[in-house]
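Please build the complex by placing chain B on the supplied structure of chain A, with the hints as guidance.
Going down the list, the protein sequences come from chains A and B.
Just so we're on the same page, the working numbering is the position in the first sequence counted from 1, plus 34.
Just so we're on the same page, the working numbering is the position in the second sequence counted from 1, plus 34.
Hint data in this document are derived by calculation from the structure and do not stem from the laboratory.
Hints are not guaranteed to be accurate.
Since copy identity is lost for identical chains, a pair holds within one copy or between any two.
As the list claims (entries may be wrong) - Derived lysine-lysine pairs resembling DSS-like cross-links, with alpha carbons at most 30 Å apart:
| # | residue 1 | residue 2 |
| --- | --- | --- |
| 1 | Lys144 | Lys82 |
| 2 | Lys59 | Lys144 |
| 3 | Lys68 | Lys82 |
| 4 | Lys296 | Lys59 |
| 5 | Lys59 | Lys151 |
| 6 | Lys356 | Lys296 |
Bear in mind that the values here come from a model prediction, so they are computed numbers and not experimental data.
There are 2 protein chains.
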Amino acid sequence: MAHMNPHQKTVPVEDFAPPSWDSIKQAHARIAPKIHRTPVLISSSLDKLIGANIFFKCDNFQKTGSFKIRGATNAIFSLTDADVAHGIVTQSSGNHGAAIACAGAWRGVKTWVVMPKNAPAVKFRAVESYGAQVALCEPTVTARNEAAARVRAETGAYLIHPYDDDRIIAGQATAAKELLEEIGDLDAVFAPVSGGGLLSGTCVGAKGLRPNIRIFGCEPERADDAYRSLASGTLQCQESSDTIADGLRASLAPRTFAILRKLVDGILLASEEEIISATRLIWERMKIIIEPSSAVAIAPLLRAGAVAALNLPPRADGRAPKLGVIFSGGNVDLSSLPF
Amino acid sequence: MAHMNPHQKTVPVEDFAPPSWDSIKQAHARIAPKIHRTPVLISSSLDKLIGANIFFKCDNFQKTGSFKIRGATNAIFSLTDADVAHGIVTQSSGNHGAAIACAGAWRGVKTWVVMPKNAPAVKFRAVESYGAQVALCEPTVTARNEAAARVRAETGAYLIHPYDDDRIIAGQATAAKELLEEIGDLDAVFAPVSGGGLLSGTCVGAKGLRPNIRIFGCEPERADDAYRSLASGTLQCQESSDTIADGLRASLAPRTFAILRKLVDGILLASEEEIISATRLIWERMKIIIEPSSAVAIAPLLRAGAVAALNLPPRADGRAPKLGVIFSGGNVDLSSLPF
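Okay, chain A solo, but in the shape it has when bound:
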């Protein structure tokens, strides 16, 4: 068993229950005064193309340019003054780092962000612009964890994991909660999956309001650990990935894996080509900027027959399916676009 994934070996997946509905309502009350209630947009041309009525929850317009501020704000404002006395440290490919830096500044505490060297320049600038200190590391899961532990040991900072944390998951759940509060009769919701914070939050946030709704995770083929984990029933960690969806290079944690096993209805994969072409399509048709990680949530729906293949129960009103799509962020480096 020496080569087994360390997560598998040490953490029985049954140990983690999803955050309670109460904790999500509390998170929402805590963060609502600080963040945007982002708009839900529609596009008749995309509806026609896909053969469904799609409602896009636009967290690309969220503070700091991504949904990550939801969980970061909930986590940081849940802590005691003693907890944050020596600052906060986290690890992030960018958006969670910017969110921790921003929410840390709101709370008035020092922040450190461990970032992989291959994160886009625009994300480094964002983290630094909120006043955090950046610590670079190699782009692997192990290197990230080690660097974060080192900063923590040196500074005494409080470590907030980007997704293996109930306060983070409860915060991310508020995006789906807002979407369902606005469009109550969705048949399914699609969200990108990386470490699984947004996706497990989406499961809890959406199913809390509409228990029979289907939730699908969307993942790059080049970073398909969630797909493989759920298919195999064992947590499959991916050490590194070079997918263009730079926000989706992390792997599930024991906690998010456990929640997804219970609540998610499937994982859909997207190739690099599909991700790039979906990004461009959204920019052109909707005139909004989403990052490739967001486009992963719509890319699988753009294949011919994709909606029919989901085999959703027919709607009582006889209409085309009503689908929610969570656009997770809009932070792109305009100097190095993939098209």
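Same frame as chain A, but now just chain B:
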């Protein structure tokens, strides 16, 4: 006098009164069921940068990707069946052409669009996608007028000028009317100026609801005919321009010049560099896609001291000025971005 501008020679500018407030209300009632009521967005980071509270009227999200559908729809649905029996012809660098093509399709009539050869590929595709026939011409005012006259003679199509037309101006005025209906106490509104349809409509639409509001036109330095016309008091036609703001290469017409002389409070110029950098700034900060022609409306405000230099009357509430900016369109060719 042989070299005098033909417009000056033949058309006394005093002949044109602005469209009445009633005609704008009628236009709005006529087009509202067919077009979007576009959102008004704000950005705290841009407010901080500029030192004002700015409200962006986002006609980049409008049907066909620009405000032009407002005037085109009003004009086409004002016509009798006899008027449109042989179709409709217009001349356009792109957005008005797409709008005429789209509104023509809604009405069920044939359309021809005369376009300059140097219009962006994305604008050709848009015009054709709505079913219009494209007739190419050299990128000069004279060539456009001649080509449109030729199509008209050959087909019997009804000619709708892109801006020298009260029905078009009344339609374009509905953007400012919507903006003022939503944000009633603006101190000033900024709109790009090309042929002057949007800007003269903005004057009438905004001042109809708030008589003392200031209206500023924003224009590329490389296509500064409106600036020169208003400065000199005589209509200055610009035969051609290669500004990156491809929607702003036309010149004022006698009608729009007359209206602007009466109602506009000033013309602000933007260099090519300022237009490109403003476009990028809006994409990055607001996560929305605007075309460079839209960015012209914000570019002059990004200079240090620009708002103070406007010398607006102080607000009764003692706060920073409340400014409206009209983003005219979002049709860009993602294959050839200027950054």
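Going through the hints against the structure:
{"no.": "1", "hint": "Lys144 with Lys82", "in the structure": "between (48 Å within a copy, 23 Å between copies)"}
{"no.": "2", "hint": "Lys59 with Lys144", "in the structure": "within (28 Å within a copy, 55 Å between copies)"}
{"no.": "3", "hint": "Lys68 with Lys82", "in the structure": "between (36 Å within a copy, 17 Å between copies)"}
{"no.": "4", "hint": "Lys296 with Lys59", "in the structure": "within (21 Å within a copy, 56 Å between copies)"}
{"no.": "5", "hint": "Lys59 with Lys151", "in the structure": "neither (37 Å within a copy, 57 Å between copies)"}
{"no.": "6", "hint": "Lys356 with Lys296", "in the structure": "within (23 Å within a copy, 51 Å between copies)"}
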